[in-house]
Amino acid sequence: MNEFDFIKRLREKAQSRRHSPRVINGIGDDASVINQRANRDLIVTTDLLVEGVDFYLEAISARMLGHKALAVSLSDIAAMGARPLWSLLSIGMPAETWRN
1476 MNEFDFIKRL REKAQSRRHS PRVINGIGDD ASVINQRANR DLIVTTDLLV EGVDFYLEAI
1536 SARMLGHKAL AVSLSDIAAM GARPLWSLLS IGMPAETWRN
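In my numbering, the protein residues as written are 1476 to 1575.
Here are the in silico distance ranges between beta carbons for each label pair:
#1 Lys1488 to Ala1513: 30 to 38 Å
#2 Asn1514 to Met1539: 31 to 39 Å
#3 Ala1570 to Ala1513: 47 to 55 Å
#4 Met1555 to Glu1478: 16 to 24 Å
Source of the hints: derived by calculation from the structure; they are not laboratory data. Even for Gly, the Cβ is constructed at its ideal location relative to N, Cα and C.
Throw the hints in and build the complete structure from the sequences for me.
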């Protein structure tokens, strides 16, 4: 199964369940669009960068990795025609990484 097959299956499962009518655009696009109030939508996106796939720790600084992580999400927001206001960061790495 490739990424797009996985997204298709996930979308089908999600559509078979009740969801909020405020979710204008959900699984499968660059970002989700959630209606907050008249003429005001919230655009939400998240991305995961995987060591050995998207970057190599020995070849990238923490600053550049942070820049790349932010750039990926910002491009999703831009693709939806929105203006970014905030950012959240999630990091998962082995304990020995913190010692370096």
